[in-house]
Amino acid sequence: KQEVTQIPAALSVPEGENLVLNCSFTDSAIYNLQWFRQDPGKGLTSLLLIQSSQREQTSGRLNASLDKSSGRSTLYIAASQPGDSATYLCAGRGSNDYKLSFGAGTTVTVRA
Amino acid sequence: NAGVTQTPKFRILKIGQSMTLQCTQDMNHNYMYWYRQDPGMGLKLIYYSVGAGITDKGEVPNGYNVSRSTTEDFPLRLELAAPSQTSVYFCASSYSSGPLAEAFFGQGTRLTVV
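If you read the protein sequences in the order shown, they are chains A and B. Sequential numbering of the first sequence, starting at 1078, is according to my numbering. Sequential numbering of the second sequence, starting at -5, is according to my numbering.
Heads up, some of the hints might be wrong.
To be verified - If you only want the chain B side, here are some residues facing chain A, beta carbon under 10 Å, derived:
hint	residue
1	A(-4)
2	L7
3	G10
As the list claims (entries may be wrong) - Restricting the straight-line Cα-Cα distance to at most 25 Å, the calculated cross-link-like pairs of lysine-lysine (DSS-like) are:
hint	chain 1	residue 1	chain 2	residue 2
4	B	K8	B	K38
5	A	K1119	A	K1078
6	B	K38	A	K1119
7	B	K3	A	K1145
8	A	K1078	B	K8
9	A	K1145	B	K8
10	B	K38	B	K51
11	B	K3	A	K1078
Because the hints were derived from the structure by calculation, they are not lab data. C-beta: ideal position from N, C-alpha, C; glycine also.
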């Protein structure tokens, strides 16, 4: 069974600093890993999806890496802005599993 | 594009009442899912469907039922509401279950059982 952990649960940084968000998973037989953003009281918005055959994916200021051997994924957000304040969730899909296994999320506050 | 649409957005139920949470998607996705999100916890899968007429239980199915008569719709039924079902419910869909399967989520239904 895939277990996904996100540490820390909360993070506060000054505007302009680079953000590094961590995600750990237990089953290296992972099909893909997806990063989501969730604003308070809202749904989940997909940010990046990394397939098991990929090492990283990039979209604008966002870069996500995947290391199956160590069971880790990292989301980098460059030059953070107050608008980046949100909860970031990672979720992994196992090779024999239909569902996404979610971490509890990291709540980010970017201070102006 | 509408994507995944959930109704209602908010609902308060009394213990023992029943209700149906509606979910519809317009992306012609085969796979649909219902998750619940409790404070400080990751999302937990309630039920999922791999196509019209096919459904299966997830991690936390007790107290819920689903049906999938069309590709577009995947309603979630609560028969006898209990306080433990107070949560935020998310419906999601994906085209497949393979490595390229990106999941798309609705805006959620916030349910309170009193």
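Going through the hints against the structure:
1. A(-4): This interface hint is violated because 13 Å lies over the 10 Å limit.
2. L7: violated (19 Å)
3. G10: Constraint on G10/B not satisfied, violated at 27 Å.
4. K8/B x K38/B: With Cα atoms ~23 Å apart, K8/B and K38/B stay inside 25 Å; holds.
5. K1119/A x K1078/A: Distance of about 28 Å is beyond 25 Å: violated.
6. K38/B x K1119/A: holds (17 Å)
7. K3/B x K1145/A: violated (37 Å)
8. K1078/A x K8/B: Outside the cut-off at roughly 35 Å; violated.
9. K1145/A x K8/B: violated (46 Å)
10. K38/B x K51/B: Satisfied, since the Cα-Cα distance of roughly 12 Å is no more than 25 Å.
11. K3/B x K1078/A: Not OK: K3/B and K1078/A at ~32 Å, beyond 25 Å, violated.
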